[in-house]
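Asks: Sequence lines, in order, name chains A and B. All letters in the first sequence, in the order written, are residues 1 to 313 by UniProt numbering. All letters in the second sequence, in the order written, are residues 1 to 296 by UniProt numbering.
Rather than coming from a laboratory, the hints here were simulated on the basis of the structure. These numbers come from a predicted model, not from an experiment. Don't take each hint at face value.
Going by beta-carbon spacing under 10 angstroms, a handful of chain A positions derived as facing chain B [claimed, not checked]:
id	residue
1	Ala55
2	Leu69
3	Arg127
4	Ala139
5	Met148
6	Ile243
7	Leu295
Cβ atoms here follow ideal geometry from the backbone N, Cα and C, with glycine treated the same way.
What follows is the residue order along each chain.
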Amino acid sequence: MVSQQVPSLAVDVPVSGTERRRVWPRFLTSEHPFPWLAPITALILAFGVYPLLYALWLTFFKRNPVTRLNVFNPTWNWGKLFADERVWGAIGHTYLYTISALLIELGLGLAIALLLDSDRRGYGLLRALMTLPLVVPPAVTGMMFLLMLDGSFGVLSTGLVSLGLWSPQHPILASSGSALAGVLLADIWQWTPFMVLIMLAGLRALPKEPFEAAAIDGATASQAFFRLTLPMLSRIIALAVLIRGVDLFRIYDYVKVMTDSGPGTSTETLTSYAGTIYFKNADFPYASTISLFTLLLVIVTSSIFIKLFKVRF
Amino acid sequence: MHETFLQKRLRDVAAVLVVGMFMFPLFWWALTSFKPTSAIFNKDEIVWFNFKPTLVNYAVTMLGKSRAELAIDSGNTFGVGGASSYDSRQTIIDSLIIAVGATALTLLLAVVAAYALSRMRFRWRQAYLNWILSQRFMPPIAIIVPVVFMFHYLSLLDTRLGLIIVDTLINLPIAVLLMKSFYDDVPVDVDEAAMIDGATRLQIFWRVVLPMVKGGVAATAVLCFIFSWTEFLMSLFLTNSIRTLPVRITTFVTSTGSEWGFIAALGTTAVIPSFIFILLVQKQLVRGLTLGSLKE
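Given only the sequences and the hints, what does the whole structure look like? Please build it.
Replies: If you want it as structure tokens, here you go:
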């Protein structure tokens with residue numbers, strides 16, 4: 001140790017003493033990433049990966065509702081899943097909800113982003129206000145819209161009824177035909193701002209030159225939008241759809257708070273069905289099976305999307 | 001494509017209208033929190049200001065006033081029943097502990113890991129990053145049943161620490177991605193210069209690079225705080241006596257009637273810290289939400 005020569009360069013630098021460097025364990029001074037990544041890896045393995053494998057293992061057991069014991073029966077839950085009509089209903093609701101929410105939020109988000117993309121005074125404030133719905137807890141948003149859509153004293157319901165747009169005999173959230181749309185409304189209110197934010201960031205990053213050239217060539221605003229803006233935004237649009245789509249697919253908060261899967265099973269999604277099986281039936285293996293099936297659908301659907309639209313991170 | 005004067009004014013009007021529409025639910029929600037119960041259930045007083053504002057809802061949810069005091073204060077006992085207590089002070093304290101704890105733990109892990117992912121060159125770097133990000137794609141429901149079992153064995157069920165751990169797990173992928181993009185913005189020359197001067201990796205990280213990404217750490221912290229503060233599913237499954245705000249608020253809806261005044265008061269309170277935070281780090285947050293995807 002004593003014979004180790006300190007390079008002359010190191011003498012006059014603000015590294016506080018070469019003394020301390022010598023007592024550090026070797027791995028702290030090496031270039032190996034292990035010590036930097038070990039803690040995070042350990043946490044994810046313990047509380048993310050292990051439970052996932054455990055969940056998979058659990059799907060191979062049949063729960064006896066009387067003895068409350070799990071018996072090894074590897075095909076039981078999966079057979080039950082594919083024969084379960086409620087699962088198919090839930091898949092339908094989940095896709096219907098996800099796709100309509102994506103289309104509406106994307107369309108609205110792009111339109112509002114174009115509207116707010118201005119450097120004039122006041123627009124910064126408008127953009128800031130527009131982000132506020134994003135930080136409201138989804139459960140609170142659910143409650144908010146539950147109250148607003150209440151059949152007898154909700155501000156939106158009474159407004160629609162007094163405008164003659166809705167019949168008071170069919171409360172929005174209590175009618176099987178419109179309940180999912182009511183839940184969707186809360187989602188749209190909360191997440192359209194997310195699309196606005198992403199689209200605004202995309203619009204602001206666009207190069208100016210092509211637009212100037214197009215203007216000189218006499219292009220109209222709509223031509224510029226469809227030929228220039230949209231193609232240049234396509235990459236970020238695809239990414240936004242992917243991120244939002246994965247989130248939408250596991251919708252839970254709004255459904256749980258606003259309709260609790262009802263009326264009947266008209267707003268039951270895969271996640272809320274798994275929750276019902278867990279809380280009401282305590283059939284943990286089957287709840288795990290539905291959850292893993294949801295994960296499987298997420299993986300398959302998003303992989304197809306990534307391939308189809310060539311999404312890059 | 002220069003706008004004419006008329007086009008500009010039309011755009012202004014449209015922009016204000018659209019943003020106003022999005023602000024209306026929040027405005028109305030806050031308004032409801034100041035209404036006496038009678039006004040909430042009266043159609044004529046649903047929107048306008050023809051009601052007598054009251055702080056009763058806040059007094060019950062924040063100060064723990066009893067039902068009897070409430071009845072005297074408002075002269076109205078409509079909807080008595082359901083949950084016996086509406087005092088939510090403990091809920092707010094628990095939610096704060098959990099959100100702050102999860103934010104701290106996430107930062108501790110992500111700030112360190114993202115530095116290595118940004119600066120060190122190792123073979124499985126991209127694969128490792130993808131693996132972390134893939135955790136974000138996993139629906140929490142997929143792991144919830146085993147996590148309940150695990151937490152039962154580890155005595156973490158219905159504890160603040162348990163929720164801190166799962167919230168951290170949920171926050172980690174975004175936090176790592178975000179921090180990595182902030183580190184990537186710092187030129188590698190900075191590290192190399194310090195290295196030539198004889199600094200170790202740890203010294204470069206702690207004394208040189210970390211101070212340069214302070215703003216990024218703040219934005220990441222805000223995002224983590226908001227995610228943990230608003231998290232619902234995990235709290236619902238993993239807790240019983242300890243309630244976070246989003247779960248607690250749903251317990252006010254009972255079969256005998258919903259306490260909308262209390263719900264609105266607690267809901268309005270739930271929104272305030274996030275509003276303040278997001279307005280503070282607005283600019284960096286836009287970066288965060290777009291996941292640095294704008295950089296080529």
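Asks: A separate judgement is required for each hint: does it hold in the structure or not?
Replies: Taking the hints in turn, this is what the structure says about them:
At its closest, the beta carbon of Ala55 of chain A sits 5 angstroms from a beta carbon of chain B; the interface hint therefore holds under the 10 angstroms criterion. Interface hint at Leu69 of chain A: violated, since its Cβ lies 15 angstroms from the closest Cβ of chain B, which is beyond the 10 angstroms cut-off. Hint on Arg127 of chain A holds. Least Cβ distance to chain B is approximately 8 angstroms, under the 10 angstroms limit. Taking 10 angstroms as the C-beta contact cut-off toward chain B, the hint placing Ala139 of chain A at the interface holds, the least distance being around 4 angstroms.
Residue-level restraint check for Met148 of chain A holds (minimum Cβ-Cβ distance to chain B is 6 angstroms; threshold 10 angstroms). Taken as an interface hint, Ile243 of chain A checks out: its beta carbon lies about 7 angstroms from the nearest beta carbon of chain B, inside 10 angstroms. Residue-level restraint check for Leu295 of chain A holds (minimum Cβ-Cβ distance to chain B is 4 angstroms; threshold 10 angstroms).
Figure legend: structure checked against the earlier numbered hints; the only hint not met is number 2.
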